[in-house]
Amino acid sequence: MNALLKKVLLLQNARALVCVASSVQSQVLTPQMPLGVLYRQYRSMPTHGIGRYKRLLPKLQKKKKEKTQMKEIIGATTTKFGVINVCVSGYDMTVVEHYSQYIHNLCKHLDIKVDESYALPTKSTEVMVMQEQGMKMFVDAVLKTHERVVQISELKATLFPILIEVILMNQPEGVQLCLKEHTKADYLTRFKSRPELEQLLAKINN
Amino acid sequence: MAAPFTRVYQPLWRKLTTTVLSTGVRNVSSTRQQWAELNVKTAGAASPWVLHGAVCLQRLPVVSQDRSPIEEDFMELMRQIEFEKSLLADHEVKVLEDSARMSRKQDEDYDSDEEDDYKNKKIVTAQDLEDVWEQNLKRFQPAPRSQGDGEKDLSSSERCLADSLVLLVKKDVGSQKIWLLPQIEWQTGETLRQTAERALASLPGADLKATFLGNAPCGFYKYKYPKDVQKEGLVGAKVFFFKAVMSSQKHLPLEKNTFAWVKKDELQEFLKPEYLKQVRRFIMAL
Numbered sequence: 001m002n003a004l005l006k007k008v009l010l011l012q013n014a015r016a017l018v019c020v021a022s023s024v025q026s027q028v029l030t031p032q033m034p035l036g037v038l039y040r041q042y043r044s045m046p047t048h049g050i051g052r053y054k055r056l057l058p059k060l061q062k063k064k065k066e067k068t069q070m071k072e073i074i075g076a077t078t079t080k081f082g083v084i085n086v087c088v089s090g091y092d093m094t095v096v097e098h099y100s101q102y103i104h105n106l107c108k109h110l111d112i113k114v115d116e117s118y119a120l121p122t123k124s125t126e127v128m129v130m131q132e133q134g135m136k137m138f139v140d141a142v143l144k145t146h147e148r149v150v151q152i153s154e155l156k157a158t159l160f161p162i163l164i165e166v167i168l169m170n171q172p173e174g175v176q177l178c179l180k181e182h183t184k185a186d187y188l189t190r191f192k193s194r195p196e197l198e199q200l201l202a203k204i205n206n
Numbered sequence: 001m002a003a004p005f006t007r008v009y010q011p012l013w014r015k016l017t018t019t020v021l022s023t024g025v026r027n028v029s030s031t032r033q034q035w036a037e038l039n040v041k042t043a044g045a046a047s048p049w050v051l052h053g054a055v056c057l058q059r060l061p062v063v064s065q066d067r068s069p070i071e072e073d074f075m076e077l078m079r080q081i082e083f084e085k086s087l088l089a090d091h092e093v094k095v096l097e098d099s100a101r102m103s104r105k106q107d108e109d110y111d112s113d114e115e116d117d118y119k120n121k122k123i124v125t126a127q128d129l130e131d132v133w134e135q136n137l138k139r140f141q142p143a144p145r146s147q148g149d150g151e152k153d154l155s156s157s158e159r160c161l162a163d164s165l166v167l168l169v170k171k172d173v174g175s176q177k178i179w180l181l182p183q184i185e186w187q188t189g190e191t192l193r194q195t196a197e198r199a200l201a202s203l204p205g206a207d208l209k210a211t212f213l214g215n216a217p218c219g220f221y222k223y224k225y226p227k228d229v230q231k232e233g234l235v236g237a238k239v240f241f242f243k244a245v246m247s248s249q250k251h252l253p254l255e256k257n258t259f260a261w262v263k264k265d266e267l268q269e270f271l272k273p274e275y276l277k278q279v280r281r282f283i284m285a286l
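These protein sequence lines map, in sequence, to chains X and H.
Everything in the first sequence is counted per my numbering, starting at 1 for the first residue and increasing by one.
Everything in the second sequence is counted per my numbering, starting at 1 for the first residue and increasing by one.
The set of hints was computed from the structure by calculation and includes no laboratory data.
All residues carry an ideal CB built from backbone N, CA and C; glycine is no exception.
Among the hints, erroneous ones may be present.
Taking beta-carbon pairs under 7 Å as the criterion, some of the chain H residues facing chain X (in silico) [as the list claims (entries may be wrong)]:
hint, residue
1, Gly214
2, Ala216
3, Met246
4, Ser247
5, Lys272
6, Leu276
Over 12 Å on every C-beta distance to chain H, these chain X residues come out as not near it, computed from the model [what the hints assert, rightly or not]:
hint, residue
7, Leu57
8, Lys67
9, Thr79
10, Gly82
11, Lys156
12, Lys192
13, Leu197
With a Cα cut of at most 25 Å, we get these calculated DSS-like pairs of lysine-lysine [what the hints assert, rightly or not]:
hint, chain 1, residue 1, chain 2, residue 2
14, H, Lys209, H, Lys250
15, H, Lys277, X, Lys144
16, H, Lys227, X, Lys180
17, X, Lys113, X, Lys184
18, X, Lys156, X, Lys80
19, H, Lys227, H, Lys171
20, X, Lys144, H, Lys85
21, H, Lys222, H, Lys277
22, H, Lys177, H, Lys227
23, H, Lys277, H, Lys170
24, X, Lys144, H, Lys94
25, H, Lys209, H, Lys227
When you get a sec, could you build the whole thing from the sequences and use the hints?
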């Protein structure tokens, strides 16, 4: 019984010594590291923790999340167009989405750079019908207009007529196509308005 | 259906450097006076070629093309699958609820207080709404997809609504009358695109509004004058084609024998073979 105890104590002492030795070692190697980091995963396998190196690298500062900035709008040159928005809109969402996907794939195939491909919020239109007898109008139907935008940049002027012809030829029924130049105002319409911020700003200015 | 855009996209430099075989000579001759004017204009230029600007005016397809039998079958199958996988819409749920309530009302031991739904005082049921909508649909008449016998009328731009049509003009060139795309001679000081716009505007008896797609020409055709017409320095003419798309469908009716709206596969009945070979390269058909 005593022998067993003695052996266990010996082992424990040995373990403690090893611990201290390793801590001393690590202290010697990396003097600038704080003592709180020193811990050692002890498992029975001798090679346990053999690949650990992260504690040896210098510590990185955590990156602060930056506010999304607008990408610079490239202007048009004599041979290339600037940033163009191809807006596809219609009442039938599947047709509109498929058509915008088709345009995107076509541009990828023709090696035209597609900057962004996003959707604008859906607009609901209520169709009011006047009653036959009386002045009251009541809601007949709700039409939802879906809009998808494919943003293209650096389009060569020689390639443009071919692209536009293919797009026009394959335009499905019930879908409106519109090509516009991208402006800052277009970029800002994508963001939600913040009424509290605007109120506070108005208060400051007044 | 996807357009065969792999076939269409050819770098422009390749188009311009392919020369047309000059064996297909067209009889081009003009009066002596016109020749004199031409000489005065091109006196300063060293080039022996006369420049022309031509316009390829297209009426784009208005309706989608009809489906082939396989496409029809597949679409029917997909529709069936989607229908079987779908959930009931709000309206359909209401219809079912109303019909269930009606069947409960018919029972002898019907007690209206047992109804959980407080809205059972409604006058208009969902089925009534559906009937009203069906009535409205019956009153709606969609426009016809094809003109029937009107397809034979070549000068009308309403024919073949599912295909894209190109405008051809019959002009007398020399001694013959031939069909070609509207073209006009280039004058010094204007760009070739302006020449093409002038070619479109100067068509007799037509007020066609078009949007030109870009400043770059889409095609090119070169031909030599016959030997007896070739004066010193003037070998032949070069024609540059510009693409334009019709902006409005409404226009005055065109003369039957002078104008024709043709599909791509009907082109070979109208144009000369060498001219057709070059023109076919830039006209797209679905």
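Against the structure, the hints:
| no. | hint | result |
| --- | --- | --- |
| 1 | Gly214 | holds, 4 Å |
| 2 | Ala216 | holds, 5 Å |
| 3 | Met246 | violated, 11 Å |
| 4 | Ser247 | violated, 11 Å |
| 5 | Lys272 | violated, 25 Å |
| 6 | Leu276 | violated, 20 Å |
| 7 | Leu57 | holds, 51 Å |
| 8 | Lys67 | holds, 39 Å |
| 9 | Thr79 | violated, 10 Å |
| 10 | Gly82 | holds, 15 Å |
| 11 | Lys156 | violated, 9 Å |
| 12 | Lys192 | holds, 28 Å |
| 13 | Leu197 | holds, 38 Å |
| 14 | Lys209(H) to Lys250(H) | holds, 9 Å |
| 15 | Lys277(H) to Lys144(X) | violated, 47 Å |
| 16 | Lys227(H) to Lys180(X) | violated, 52 Å |
| 17 | Lys113(X) to Lys184(X) | holds, 20 Å |
| 18 | Lys156(X) to Lys80(X) | holds, 4 Å |
| 19 | Lys227(H) to Lys171(H) | holds, 21 Å |
| 20 | Lys144(X) to Lys85(H) | holds, 24 Å |
| 21 | Lys222(H) to Lys277(H) | holds, 12 Å |
| 22 | Lys177(H) to Lys227(H) | holds, 20 Å |
| 23 | Lys277(H) to Lys170(H) | holds, 18 Å |
| 24 | Lys144(X) to Lys94(H) | holds, 22 Å |
| 25 | Lys209(H) to Lys227(H) | violated, 39 Å |
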